[in-house]
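Residue numbers (the working numbering), protein chains in the order written: chain A, 1 to 363; chain B, 1 to 363; chain C, 1 to 363; chain D, 1 to 363.
Be a bit skeptical, because a hint or two may be false.
[Claimed, not checked] According to the in silico footprint, chain A covers these stretches of chain B (three or more CB under 8 Å from chain A): (1) 94-105; (2) 135-146.
[Said to hold, decoys possible] Distance condition first, Cα-Cα at most 25 Å in a straight line; then the derived SDA-like pairs of lysine to any residue: (3) K317(C) with G32(B); (4) K274(B) with I324(A); (5) K147(A) with E86(A); (6) K315(B) with M268(A); (7) K274(C) with L322(D); (8) K254(D) with K274(C).
Simulated from the structure, these hints should not be mistaken for laboratory data.
Remember, predicted model here, so these are calculated numbers, not experimental data.
The beta carbon of each residue, even a glycine, is placed where N, CA and C say it ideally should be.
Number of protein chains: 4
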Amino acid sequence: MKNTFGTNISVTLFGESHGECIGAVLDGFAPGVEVDEDFICTQLDKRRAVGLISTSRKESDNFKIVSGVFCGKTTGTPICIIINNENTHSKDYESTRFLARPGHADYTAYEKYHGFEDYRGGGHFSGRLTAPVVAAGAIAISALKKKSIHIGTHIKSLGGVLDREFEDLERDINALNEKTFAVLSDQKSEEMTQKILEAKESFDSVGGVLESAVIGMPAGVGEPWFDTVEGVLSHALFSIPAVKGVEFGCAFEKVNGAGSEYNDDFYMSHGVIKTKTNNNGGINGGITNGMPIVFKTAIKPTPSIYKKQNTVNFKEKTDEVLQIKGRHDPAVIHRARVVVDSVTALALCDLLATRFGVDYLGE
Amino acid sequence: MKNTFGTNISVTLFGESHGECIGAVLDGFAPGVEVDEDFICTQLDKRRAVGLISTSRKESDNFKIVSGVFCGKTTGTPICIIINNENTHSKDYESTRFLARPGHADYTAYEKYHGFEDYRGGGHFSGRLTAPVVAAGAIAISALKKKSIHIGTHIKSLGGVLDREFEDLERDINALNEKTFAVLSDQKSEEMTQKILEAKESFDSVGGVLESAVIGMPAGVGEPWFDTVEGVLSHALFSIPAVKGVEFGCAFEKVNGAGSEYNDDFYMSHGVIKTKTNNNGGINGGITNGMPIVFKTAIKPTPSIYKKQNTVNFKEKTDEVLQIKGRHDPAVIHRARVVVDSVTALALCDLLATRFGVDYLGE
Amino acid sequence: MKNTFGTNISVTLFGESHGECIGAVLDGFAPGVEVDEDFICTQLDKRRAVGLISTSRKESDNFKIVSGVFCGKTTGTPICIIINNENTHSKDYESTRFLARPGHADYTAYEKYHGFEDYRGGGHFSGRLTAPVVAAGAIAISALKKKSIHIGTHIKSLGGVLDREFEDLERDINALNEKTFAVLSDQKSEEMTQKILEAKESFDSVGGVLESAVIGMPAGVGEPWFDTVEGVLSHALFSIPAVKGVEFGCAFEKVNGAGSEYNDDFYMSHGVIKTKTNNNGGINGGITNGMPIVFKTAIKPTPSIYKKQNTVNFKEKTDEVLQIKGRHDPAVIHRARVVVDSVTALALCDLLATRFGVDYLGE
Amino acid sequence: MKNTFGTNISVTLFGESHGECIGAVLDGFAPGVEVDEDFICTQLDKRRAVGLISTSRKESDNFKIVSGVFCGKTTGTPICIIINNENTHSKDYESTRFLARPGHADYTAYEKYHGFEDYRGGGHFSGRLTAPVVAAGAIAISALKKKSIHIGTHIKSLGGVLDREFEDLERDINALNEKTFAVLSDQKSEEMTQKILEAKESFDSVGGVLESAVIGMPAGVGEPWFDTVEGVLSHALFSIPAVKGVEFGCAFEKVNGAGSEYNDDFYMSHGVIKTKTNNNGGINGGITNGMPIVFKTAIKPTPSIYKKQNTVNFKEKTDEVLQIKGRHDPAVIHRARVVVDSVTALALCDLLATRFGVDYLGE
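Construct the complete structure from the given sequences, taking the supplied hints into account.
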């Protein structure tokens, strides 16, 4: 379905970058789940532009929950979260109305919406729309925590700099969730920041790979066809602008190897079934096996760069040269990370509600 | 939705590996589309086990279309395709009923279905279920061809052997679709075959990466949220057993680079808008841009290997050693390729019907 | 969605009246539910033509469950039920191919499917398609019974003859479910049979109203918007050919009266909340209140009558006179009754699975 | 799906009666459709309380379209419409928090949401939620008009007073759409108003039946199973609080008669296929036949009455006597009429988009 995702727990997105407001409707959520507005703020802060390495557009992201929460708890009816737009510089976009910014959706939007689209700031395609996703996701993340399900994401690589591997997942996830710039190794964090600043100075941008882990998911969730955990999560993840690849476990890295090395042997660990390795990323046959769900998402470099680019005027069908103005991020991967956590939480909540019923997350 | 995929054109799967039959219901397809049973056979042959490099289980894959086709053409009502199961060796599975084959869904199925699942030959999780997907996909592929939309997939890598890059897409796609073992370079084809035989001889298995290209898709198809082309395709692709990663364009390979290199500059080519590079894989903002859709899928090595493996008895909760018997493929990637083409075709047909209405593919 | 109904428990229909077979895929059903094939037969017998008052086309309705049931119990994966077609007289329909039978879907099918539809015996529109619905519904009815939820339907009126009111619902439902001709009063049963025979003798047909009751549904099931119990049930019920009206409780009969009479006062009955009257049919605000769900469906007279009728040739666009041949029922209401029970059971199972999770019906 | 209705064009509802605001997200609508805010006001006025015969709660219904409309036209992305709540008397509801108002959803909401529901003024169940439905519906109605599809509804009966039959549908629909109190006969209009005032004076309420007609729908829209036009429309209509019955054509009135009288004979009228009668309400086999779609909805008397009523405290499980305070309508049928038009328009737009593609309504 178009701007709605999820079967039993769904999120519907609306709004444009330079419209009056943007928002999300989170529906199907169990009644009685505490809504921690401070935590929502914390999550939105992670997504917001910070310091030198991000856009100079400052959005306060003051959200309002206008329905579905009563006396601090979810009611079970749709939760609408609204974030007003402020500090929009719509004029930045007027002069380049019909010039396709490479890597952006200007041209494809024009083909789809016949020129009626709100083109200012990317309109409905803007990464700004991820703010309400993060707000809705924060409610999902809180509910999962109550069930001892925890999600964490780090920047696995950025501009060629590699973070260290996950070690103690529980500790790593906790540490990451305290950080604004989610890198496990402090030294690598500095090197990555440096990479972003270099990109900025050269009017360019840089991307990388995020790696996420979910611990605490019960075994037996997901479907063999077609709502595999991989299918549902990837469907949600690819909605995030800039995500171009998703892999579970060690996919691209190890599939060329031998089955005997790829297979995860099972063993008993204090009465619990576990696997020695986790190349399958916690999923067998589309269904959780109780091991951590581990996956990577490829985040492309921000397409908005200040270098001159060759492009076309898609209305006049002429070749043109474009120099992008406005305020843009030299990298979005450090901001995308909380969006990945958020859609992951929303998708997992939906899978859990499908498996165990509406009340499961509220019990 | 569980065993149904698609919004306007949907496919519903049923059946188990050792049940009476397996099948698919293809619904929402335009009336008046010619159904070429020979082409369905050809596609099923590509999926079937061939020669030394595949399982010795021979299935004739005699399909029957029992509804939705009248006088050789689709009627517009549900098309049910049935394939009978033959040559099943159910006893192979009795002795290992509660032993989790590593990399397989035995244990997750048990958690989900509480032991009521038909465990024989993987039951509903079996790769055999891809046969009706291929049959349904063949109808979709035929309809797309009529619209000048062509899909081709090659084995990009297998056991570390790399095929050559795509060059002339139209010619390459045509060539691939004539081949049973879909490798562009004949020499690499031999090397890959050798890798499979080596895996077989060492009682092991091997995997790799498939690369697919779709040419002829009109621009403007797909949604910004959540039904991006990437999201819809990946959702379908991850349903294929063994798929563990999906990337569009050059995702994991290039995201660590600069935006100025990742962005695909637009230019006018004889009045048509094109991009010089295609790192975004033909999709901007979730919507087709008229360039070829290019993506890769990571196909893990067949989990069924003859080597001894450590595992558990998930009923008794004991550690065990398992030696798999039965008939299994040392690689499935060469067979998975036509399944990738099939689900791609089905997903694209759905996106086209959503965009242009039911009759589009039948006109 | 087109030929699929339901969110968490769904049924997908396929087949045409004179095709090779017809069938249904029941998906999302809990694992471990006993499948009683004798009961399926019993239900199919209720739907089948019987004696003088029905069509002379005899279908054995030999069904086969080809997937999703293992060792007599549901596996949790899709249950495909197939019924072969026999005894088809396709030639009856050749000469009148383009003549619209009044009250039938010939013309609308032609507009929708552009002439590619299988027109023989009504094709996919045939009432025969209700056979697999009844078979799937039998599984649902059995599962509901285990939860002490019972469904019964009687012919409230036929050709102007009125059955007595429901009295003791439990006893009445039990009695009805033993009957082939579901009328509470034996005398009214005879009068109704007489009405059908009169219609038959005058080459005409007759319809009436069915009244259904469901006891044992827990309170709190359904949604305020849009998946009200009324909305979901009516959606399913209107799929049954011949159903043209659905009302819950005393709708059309009493809505012109006073609120003070329509409202159902609540009271405590041995610790259980009940209502004195049940004008709202067990549903308040779209959600079950624990009282019996009561509703009526208007079943139009069989449109196939032997009297001459004025119509058009919709291909040639000419006025024509039609005399229907073939074998047809002078009434279908007594057969439709088990179809009403079946779709009701399927829709309620879906609502329960949404509310309480997949395993609810299997526990 | 819970608070979302529609496949290709969908509407998602949020909000509670005494929350900050209520609203709807209309998604999937074609780009380029003019949005006439004056017409939305006009429609909301029809729904609002007017004069003596309605509640004394005055809502200004000042709506704001915060997304999806740009330069006065739809963009093709989600249209979010927000209406602020004002003039709420929440204290009216405190003292009766756990008393089930007969005919209302207080008790069923409690069962479903475990007491976490916002109970003030009916919360999410409030008829007030129909305001955003009407606003969204106004956009749909405008788009349909451009396609020469017109919808009109009259109060067929109220408190036993019968309006005259539809005569010239085009003229009648036009006339009705100019009226606030939608009765064709002026004399009957006065009599009905009198009935409402009588109900008010006796601290009671009154209901009735609405009859709607849609002209201009093309033939060939809808599905045989399960998305029949009847099924889709009834699903939407039963969401309207107070709707307890839906019938198409002459269902309950005539089904006890003969098939020869119920069948609608076809004939050619200046090259167009029509039927002489329209007992089937413009739908054969679930699909439009090009004749007007005609249906009736039973609107129960407002459950909020000032008379003392017996009920229970559903928390304490005690018998109680309730005297409702607050401001309530002695009838809602004259207000429900525009809601019926609105959901009808939304459902038909969805069916048309499914049939003809996204752009159909924007062309």
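Against the structure, the hints come out as follows:
no. : hint                 : verdict
1   : 94-105               : holds (count 5)
2   : 135-146              : violated (count 0)
3   : K317(C) with G32(B)  : holds, 22 Å
4   : K274(B) with I324(A) : holds, 20 Å
5   : K147(A) with E86(A)  : violated, 37 Å
6   : K315(B) with M268(A) : holds, 12 Å
7   : K274(C) with L322(D) : holds, 16 Å
8   : K254(D) with K274(C) : violated, 35 Å
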